[in-house]
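Go ahead and model the full structure; you've got the sequences and the hints to work with.
Protein chains: 2
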Amino acid sequence: MDDKQRFTWQCPAPQQQSKISMAHGGGGKLMHDLIHNAFIPAWDNPILQQNSDSAALGVGKTKLAFTTDSYVVQPLFFPGGDIGSLAVNGTVNDLAVRGARPLYLSVAMILEEGLEVETLFQIVESMRKAANDANVQIVTGDTKVVDKGSGDGIFVNTSGIGIIENDLDVAPKSICDKDVIIVSGDVGRHGIAIMAVREGLRFESTIVSDCAAFANVTQQLLEASIEIHCMRDLTRGGLATALIEIAQAANKGIHITETSVPVDEGVRGACEILGLDPLYTANEGRFVCIVPQKDAQHTLQILQQYNERACVIGEVEEDGCGLQISSCLGVKRIARMLSGTQLPRIC
Amino acid sequence: MDDKQRFTWQCPAPQQQSKISMAHGGGGKLMHDLIHNAFIPAWDNPILQQNSDSAALGVGKTKLAFTTDSYVVQPLFFPGGDIGSLAVNGTVNDLAVRGARPLYLSVAMILEEGLEVETLFQIVESMRKAANDANVQIVTGDTKVVDKGSGDGIFVNTSGIGIIENDLDVAPKSICDKDVIIVSGDVGRHGIAIMAVREGLRFESTIVSDCAAFANVTQQLLEASIEIHCMRDLTRGGLATALIEIAQAANKGIHITETSVPVDEGVRGACEILGLDPLYTANEGRFVCIVPQKDAQHTLQILQQYNERACVIGEVEEDGCGLQISSCLGVKRIARMLSGTQLPRIC
Numbered sequence: 001m002d003d004k005q006r007f008t009w010q011c012p013a014p015q016q017q018s019k020i021s022m023a024h025g026g027g028g029k030l031m032h033d034l035i036h037n038a039f040i041p042a043w044d045n046p047i048l049q050q051n052s053d054s055a056a057l058g059v060g061k062t063k064l065a066f067t068t069d070s071y072v073v074q075p076l077f078f079p080g081g082d083i084g085s086l087a088v089n090g091t092v093n094d095l096a097v098r099g100a101r102p103l104y105l106s107v108a109m110i111l112e113e114g115l116e117v118e119t120l121f122q123i124v125e126s127m128r129k130a131a132n133d134a135n136v137q138i139v140t141g142d143t144k145v146v147d148k149g150s151g152d153g154i155f156v157n158t159s160g161i162g163i164i165e166n167d168l169d170v171a172p173k174s175i176c177d178k179d180v181i182i183v184s185g186d187v188g189r190h191g192i193a194i195m196a197v198r199e200g201l202r203f204e205s206t207i208v209s210d211c212a213a214f215a216n217v218t219q220q221l222l223e224a225s226i227e228i229h230c231m232r233d234l235t236r237g238g239l240a241t242a243l244i245e246i247a248q249a250a251n252k253g254i255h256i257t258e259t260s261v262p263v264d265e266g267v268r269g270a271c272e273i274l275g276l277d278p279l280y281t282a283n284e285g286r287f288v289c290i291v292p293q294k295d296a297q298h299t300l301q302i303l304q305q306y307n308e309r310a311c312v313i314g315e316v317e318e319d320g321c322g323l324q325i326s327s328c329l330g331v332k333r334i335a336r337m338l339s340g341t342q343l344p345r346i347c
Numbered sequence: 001m002d003d004k005q006r007f008t009w010q011c012p013a014p015q016q017q018s019k020i021s022m023a024h025g026g027g028g029k030l031m032h033d034l035i036h037n038a039f040i041p042a043w044d045n046p047i048l049q050q051n052s053d054s055a056a057l058g059v060g061k062t063k064l065a066f067t068t069d070s071y072v073v074q075p076l077f078f079p080g081g082d083i084g085s086l087a088v089n090g091t092v093n094d095l096a097v098r099g100a101r102p103l104y105l106s107v108a109m110i111l112e113e114g115l116e117v118e119t120l121f122q123i124v125e126s127m128r129k130a131a132n133d134a135n136v137q138i139v140t141g142d143t144k145v146v147d148k149g150s151g152d153g154i155f156v157n158t159s160g161i162g163i164i165e166n167d168l169d170v171a172p173k174s175i176c177d178k179d180v181i182i183v184s185g186d187v188g189r190h191g192i193a194i195m196a197v198r199e200g201l202r203f204e205s206t207i208v209s210d211c212a213a214f215a216n217v218t219q220q221l222l223e224a225s226i227e228i229h230c231m232r233d234l235t236r237g238g239l240a241t242a243l244i245e246i247a248q249a250a251n252k253g254i255h256i257t258e259t260s261v262p263v264d265e266g267v268r269g270a271c272e273i274l275g276l277d278p279l280y281t282a283n284e285g286r287f288v289c290i291v292p293q294k295d296a297q298h299t300l301q302i303l304q305q306y307n308e309r310a311c312v313i314g315e316v317e318e319d320g321c322g323l324q325i326s327s328c329l330g331v332k333r334i335a336r337m338l339s340g341t342q343l344p345r346i347c
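As you go down the protein sequences, you meet chains A and B in turn.
Here UniProt numbering is used: position 43 in the first sequence is 43, and no number is missing along the way.
Here UniProt numbering is used: position 344 in the second sequence is 344, and no number is missing along the way.
Worth flagging that the hints you see were computed from the coordinates, not collected in a lab.
Some hints here could point you the wrong way.
Identical copies go unnamed one by one, so any copy, or any two together, can satisfy a pair.
With a straight-line cut-off of 25 Å between C-alpha atoms, the simulated DSS-like cross-links for lysine-lysine are [stated by the list, open to error]: (1) Lys-29 x Lys-148; (2) Lys-19 x Lys-148; (3) Lys-148 x Lys-61; (4) Lys-19 x Lys-129.
Given the structure is predicted, the values throughout are model-derived calculations rather than measurements.
In C-alpha cells:
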C-alpha cells in the first residue's frame, strides 16, 4: 500500500469544529469521532482496528496486551484514591479486560514548575502501593517539567504490558446473541466522589470512589475456564457508553433493564440533586462481563465473592444495533452516546 | 519483603528544594537525583535498577524492550521536525539503543482546550510518516483534554515495545576496559535548532534538527554480529551527560578527546554566540556506540554508510569513574553533569 492510498483522512470541513473543546476528551461522541476520523485512519493497521482499550499483539511466540492512558484528574486527591492510584489501577484494568494478566507498567510524569515535592512523593508512594496490590512492576519511566502555567500540577501517563495466556479473544466482536451482561458492582461512585470534592458538596456520608484494580477478579474468571466473550472497564462515559461502544463495535443489540443496575443510595441521591444519570457517571473499579448463558451463574458466583452487588443487568439481543434500556415502567428507549461528558477531567 | 522494608525512601530534608523547578526536567543532576531518590527506591525492582531508558523484560519465552517518554517540546514545529515526529523517533531510538527491534508504539495525547484541530491533524500526519519510516505500528492510544491554561497546546506520550533477538545485554554494565566509543554523527543540532526558533535567532543558514529514527542503523550493527556493549541516544543533556551516565552506571572511566567530536560549523558558531557547550547540547537522532576494539572498524564502516561524520571519539579507561575530556591543548578535565539543562522543554 503506498503512502497516498493509506493516508485517507482529511482535515475536517470548515463547518466542523476548528478548535479542540473539553468535550473532545470526555469519552463521548466527539471524542469517538476524533479517534475514528483522525487517529485511526491516519495510523491505520489491523491491530489499531481491534477497537479496544488494549491492543492484543503477537511478539515472538508470546501473546501480549499493550495499553496506555494519561491521567489529568482534578483534584489530584479525592476520597478513595488519587492521581497515582488511579494511573496504576486504570491501566491494570485496561489490560485485565482484554483477558491478560498485567505484568509491567511504565510511568511518565509531566510536572508543573512549582509543584510541591511533598505532593509528588505522596503520589509516588500511592503508585507503589497500587502496583504492589495489583501485583505489577513499574519498570521504566520518564520525567518532564513544564513552566508554571503550562501544566496543572502533575499529569501521569502509564502504559502497560500483560500476557494473554488463553485462547479467548476477549473483545466486542466475540459477543453472541443471548449472551448475558453482568456488571461487577454498583456504578457511578467515582464520578460523584470527584464532583463532590470539586464542587465542595457535602452529602450525609462521604461518597468514596470505586478506584481499584480488578485484575485478580478477571484472572479468577479466566482460571475458572469461563468462556468470556467481552469485558470492558466502565470509565469516563459510565456503563451506558461502554455498552454502546461494545454494541456498535460488535454490530449487535444490547438490552439492559435500568432497575437491575445497582446504584448506591448516596450516589443515586447525589445524581438526582445534580441532574446526572448514574448510567453515564464515571467508575474506576467496575467492569461489565459478557458471557454465554451456560457460564452466567458461575461468573456471578465469582464476581459476588468480591462485590455482593455484582448482578445480571441484561443480554445481547438477536437483532438491533446499539443499547436499549428498559425503564422501571417497562418502556424501552435507545441510549445515545453523550456528545461530551458529564464531568471533565474525571480521570 | 514486607511493605516497610521495601519502602525505604523519605521525603527530602527541609534544606532540599521543596518545589519542582524547571531543572528537575532538564536531564541533568537534579533530575538524576529526583529519579534516584524518589522513583527508583519507591518502585524498586531489579528491572527498574537496569538503569537504562528501556527496560529489558522476559515475557513468556520472549525478550522485550519496553520504554516510555512524554514530549513537551516548544515550539511544536521546528526545522527538521515537530512534536509528532520527535515523539515517534525518540521512543523508537530508546528501544534501538537497548539492542531491540522496535515493533509497536502507543500514543497518548493531552490536548489543551482551544488547540487548532488543523494543528492536531498536522501532528497526527507527522507521526504517521515517522512511524512508517521507522517501520513501527501505532497500536493503541488515549486522548485527554485539559481546560485552557492548564496545558500548552499538546503534550504527546509514546511508549514502545521492541523485541530483543540477540544474546547481548546492551547496557552500561557490559562495557569493558579499552572499549571504543563511537559517535554516530555530528552533535548539537537539535538544541540549536529549537533555540533558534524560540529566540528568533537567524544564522547564515538554517540549522536543522537531527530528529530521526536510527533503528535501521542499530539493526544493521546487530545483523553484522558486532558485539555491542552499550549504546545510548544523545538527548536532553547531550553527548557529555550520556557518557557520564554510562560511566557512573558502569563504575568505569570514559575518556574522550574534545577535538574528535564532530560539530557542524553553524552549530559551533551558534554555541559560541549563545555561550553553550555543544557537548551538552541536545540531539534527537544521534547515539554513541561502545564496542570492543576488534569490532571498532566494522562498526565505523556501517555507521559511516549513514553519516560520514560518524567517528571514534574515545575509549573506556582501565581505571577511574566518570567522564574525562581532553581539550585541544591536551589538558584533561573531569566533566560534570549540569544541574539542570541548557534549554528547557527541548523534547
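Results for each hint:
1. Lys-29 x Lys-148: between (32 Å within a copy, 21 Å between copies)
2. Lys-19 x Lys-148: both (24 Å within a copy, 11 Å between copies)
3. Lys-148 x Lys-61: Result: close neither inside a copy nor across copies, 47 Å intra and 46 Å inter.
4. Lys-19 x Lys-129: Only across copies: Lys-19 and Lys-129 sit 24 Å apart there, 39 Å inside one copy, limit 25 Å.
Taken one by one, the earlier hints fail for this structure only at number 3.
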